[in-house]
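Residue numbers (the numbering used here), protein chains in the order written: chain A, 1 to 356; chain B, 1 to 554; chain C, 1 to 145.
Hints are computed from structural coordinates only; laboratory data are not their basis. Certain hints may be false.
[To be verified] Cross-link-like lysine-lysine pairs, in silico, BS3-like; alpha carbons within 25 angstroms at most:
(1) A:Lys80 - A:Lys136
(2) B:Lys502 - B:Lys424
(3) C:Lys122 - B:Lys245
(4) A:Lys136 - A:Lys317
(5) A:Lys136 - B:Lys245
(6) B:Lys424 - B:Lys501
[What the hints assert, rightly or not] Reference listing, derived: stretches of chain C covered by chain A, where coverage requires no fewer than 3 residues with Cβ under 8 angstroms from a Cβ of chain A:
(7) 36 to 46
(8) 53 to 63
(9) 66 to 72
(10) 94 to 107
(11) 112 to 121
Even for Gly, the Cβ is constructed at its ideal location relative to N, Cα and C.
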Amino acid sequence: MSDITIPTSEHADDHSHDHPAWLAHHFDDAEQQFDSGKLGMWLFLVTEVLFFSGMFVAYALFRSLHPEVFVYASQFLNAKLGAINTGVLLFSSLTMAWAVRAAQLSQQKILVSMLAMTLSCAAMFLGVKAVEYTHKWDLGLLPAGMYITQGVAEPNHGNWLQILCIPAAVFAVIFAGWYLFALVGRNRFQLQIAGPLLVASLCFFAGVQLGVFLESGESHGDAHGSGHGATHGDHHEGAGDHAAHAIIVDHMVATSIPGQAFPSEVFVDPKRVGIDEPEINQRGRAGIFFGIYYMMTGIHAVHILGGMGVITWLIVKAARHEFHSKYFGPVDNVGLYWHLVDFIWIFLFPLLYLIR
Amino acid sequence: MSAVISKPLVAPVESAKEPGNFLTHTSGFLSWALTLDHKRIGLMYLVGVMSSFLLGGVLALVVRAHLFYADGAFLTLKQYNQIFTLHGAVMVFLFIIPSVPAALGNFLLPIMLGAKDVAFPRLNLSSFYLWVGGAIFFLVAMLTTGLDTGWTFYTPYSLETTGPVVLATMGVFILGFSSIFTGLNFIVTINTMRPPGMTWFRMPLLLWAIYSTSIIQVLATPVLGITMLLLMAERFLGIGIFDPKLNGDPVTYQHFFWFYSHPAVYIMILPAMGIISELMSVHSHKGIFGYRMIAYSSVAIALFGFLVWGHHMFTSGMANVTTIVFSALTFTVSIPSAIKVFNWLFTMYKGTVSLTTPMLYALSFMFLFTIGGLTGLPLGALSIDRHFHDTYFVVAHFHYVMMGGTLVAFLGGIFHWWPKMVGKMYNELGGQISAGIVFVGFNLTFLPQFVLGTRGMPRRYATYVPEFEFLHQLSTYGAFLLGIGLFVALGVLINSLFRGKKAPTNPWGGATLEWVCSSPPPHDNFSKPPVVGDPYDFRGLEYDAREGGYVRRK
Amino acid sequence: MAHTSVDASAQIDSHGGGHGHGDGEFAHPASLTMLFSVFFTLLALTILTVWQSTLDIGAAEIWVTMGIATVKAGLVILFFMHLLWDKPLNAIVFLSSIIFVALFLGFTLMDAQGYHSTIEIKDTLEASLPPAPADLPVVPSMPTT
Chain A
1 MSDITIPTSE HADDHSHDHP AWLAHHFDDA EQQFDSGKLG MWLFLVTEVL
51 FFSGMFVAYA LFRSLHPEVF VYASQFLNAK LGAINTGVLL FSSLTMAWAV
101 RAAQLSQQKI LVSMLAMTLS CAAMFLGVKA VEYTHKWDLG LLPAGMYITQ
151 GVAEPNHGNW LQILCIPAAV FAVIFAGWYL FALVGRNRFQ LQIAGPLLVA
201 SLCFFAGVQL GVFLESGESH GDAHGSGHGA THGDHHEGAG DHAAHAIIVD
251 HMVATSIPGQ AFPSEVFVDP KRVGIDEPEI NQRGRAGIFF GIYYMMTGIH
301 AVHILGGMGV ITWLIVKAAR HEFHSKYFGP VDNVGLYWHL VDFIWIFLFP
351 LLYLIR
Chain B
1 MSAVISKPLV APVESAKEPG NFLTHTSGFL SWALTLDHKR IGLMYLVGVM
51 SSFLLGGVLA LVVRAHLFYA DGAFLTLKQY NQIFTLHGAV MVFLFIIPSV
101 PAALGNFLLP IMLGAKDVAF PRLNLSSFYL WVGGAIFFLV AMLTTGLDTG
151 WTFYTPYSLE TTGPVVLATM GVFILGFSSI FTGLNFIVTI NTMRPPGMTW
201 FRMPLLLWAI YSTSIIQVLA TPVLGITMLL LMAERFLGIG IFDPKLNGDP
251 VTYQHFFWFY SHPAVYIMIL PAMGIISELM SVHSHKGIFG YRMIAYSSVA
301 IALFGFLVWG HHMFTSGMAN VTTIVFSALT FTVSIPSAIK VFNWLFTMYK
351 GTVSLTTPML YALSFMFLFT IGGLTGLPLG ALSIDRHFHD TYFVVAHFHY
401 VMMGGTLVAF LGGIFHWWPK MVGKMYNELG GQISAGIVFV GFNLTFLPQF
451 VLGTRGMPRR YATYVPEFEF LHQLSTYGAF LLGIGLFVAL GVLINSLFRG
501 KKAPTNPWGG ATLEWVCSSP PPHDNFSKPP VVGDPYDFRG LEYDAREGGY
551 VRRK
Chain C
1 MAHTSVDASA QIDSHGGGHG HGDGEFAHPA SLTMLFSVFF TLLALTILTV
51 WQSTLDIGAA EIWVTMGIAT VKAGLVILFF MHLLWDKPLN AIVFLSSIIF
101 VALFLGFTLM DAQGYHSTIE IKDTLEASLP PAPADLPVVP SMPTT
């Protein structure tokens, strides 16, 4: 993607002297270059929308076929974390749009700081996401193949959050060192790059703090209130559950249909038994929801990471004073990409977290 | 790409004074490996896709040789599965899809348009390397345990087999991005890089075809990407949506897969149709009949192509109402295809048809594509498809379209533009002989398969009942004859590189812009902006014996 | 809101030439007022949708929630991505993606609804034939084909 609008600087010595360095040799003028880059970017966004569409179709399909699974499983998601992350992403979209404006007006300092803020918001988003993910891994709320039935056994608590924090910590140390190095050497150019990167890697931890606070704090009841045994196996409706479960197990033994390699996954027609949870709280049921959840949010997070990469690239270029009112295509196009990532999240958030 | 390495590549050359061309512009391995010149990238693609074709072709011959006897000649059942899978996957993903758009399209599109290059030259080069990367994944998959799922990777088998499904799907994923970026590049190039005077309806029909193809590539290929990604996740994590053991749904996988892979069929055939439009007109020395209808029908095929994917799944357990809708929609695609065929026929009518090698291939295409297209109609009809589904009838049908259509048009296109690409004329008689052998060999291979299919021979079987042996043997003989024909064609082309005489600027009398610049074209394509006229106006083009080609007289 | 920055013109002049035919006309900087009002609208809509999810409005919930999401997405597309001022071609390109997603979604959902109902009928029939009890038919774990 980054290839789309890189100015071909090696053509600086081209024979056509009316071509400035930022205008590639095969374009006639700046506007043609800009229009090409922009159309290319919109087409790329089209491919992104269609790429995500596969997961939206999977979501719609399984939701329409098994609504009770989605009602059950979505209550394990913490809507507060989702809402906070929505706000963070919306704010990063604002700063990105402002960055584009700054590039168009050749406001170099504003441009760098807006890009830095966008990058920091992205890191914060990932920090919150890390808390969300690791909390679910601890509880065994995993894709169908690995899903652990809730409330039956004590789930394995790993130190996933610490592990996820390691790369961010390494980055933070490296960037802090770089920043100090540049500070000592009074290298303004490097300071302009190392500073935002340091702030962004620290923002990841800010996001983690925020996530931990919201996940463990007052949100307890909201997030897991009705998800039996989600947190530390506190079965406050346990009796009813066990009764329903017993009926099903009895029934399974009674009928014993041949070919049931997975007796724990026998599904009882919900229309007959009513929407009760033990038969949803299983690999092939709630597990599918989490499969879709991890794919949707995971690929979205990969796009955030990719966006962070290109924003860093923009910061470097901006620190080199490469953008001005006639050459701002890369900022604009990365901005479009960033807004699309936001656009996708705007749909993911209510679909996964809100709709019951 | 560091500017340091690529600097020598683009060092300015006074092309106006020295008649250099893009081949001799710079030299050295890196000048090719890091080139941003669409013509060189096109040639590298050509070498790549032809190597893949050779690999796929050899695998096909192995399959046919094995099927010579009813009990199978020399392969184990497992090996047979692996070899037909690789034949299909290599041919589809590595050869047919990139063949015309990436190889010929890259070379021709900017020149035909009158532009200096595609809009994003670096993206173009990275597409090529993505293609190479995807191809490597496939080769590794082949050299490890061997893939045995068929090229479609249907679940649940692809979730259970021990074959390298993840490697191969990773390869497909990467190849998909190569295809997307090529399509994206072409759409932007055609939209924004047209020189003054090149209006939409002055574009050669090949460009309309490539434009339509690119639309499909951009809209459909991402869905293949996500399908492959979900399949990998299903194998690694068990996300459950495709795996029946986890209450997933294999028919969903088929929907996902064919949402891309049916439009992909039009990625394969549309550019071939574009080539035929050029060949028919130039070698009949007569303006194309029904220019606008051919142009519109390309776009129509591209869009209709998205509405018919369900016809691959009639027997997969789709709902009755959906099968009826998809069956009805399937028939609509035949309309734009038929429009093209009739227009090509009328282009020849009262033209001065010269039976050159490209024209012979174009005529083969007309014949084979018509058979392939018409045999698609019974397959689109629900009741008949129940009977023909997964038989050799289907195999014969899509080989008539894919190979008789795309491959034959691709060969015709290569012979047509070969003088332009390498600057050498090939031996005309040799080319004509190759076209003849390919035509006979092709029909001998695949006509018996229609008969086999109607009698109930299932596809993908390594052994069969003895009563089918005669027809299978005919088919195997045909396949080897076809192989000989293709090697003759290759020999003629390679021979021309060493012994061919220098190609004139316009050997066939074409009126599109690539015949204006010298053979081979200079590095910048056009030293000054070309004069754009009607691409099919042959008035004033006369043969000049001294030049060995056509020149335009005022 | 035009290119008033001295910095910009200095840059361009240093590159020498290139400002013949209406260069820079393609830059349309967005006003900060607009950006901020869009942002606060988006925030308000987010709060609205979270609040609305706590109400029990039954089957209408999915439509209300998706409606709000669509409005938010529209604001992002039109203002942040300034599609409102962009070339119509880019808008058509983007809309086409939505149309094709709808096509994909529509056909696949239509089919899934159709064949799953036939599977349920088949399963119920099969379950009722063998000596299985009629009151609690067990659906096998392999649902399709």
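Hints that the structure is at odds with (numbers, increasing):
4
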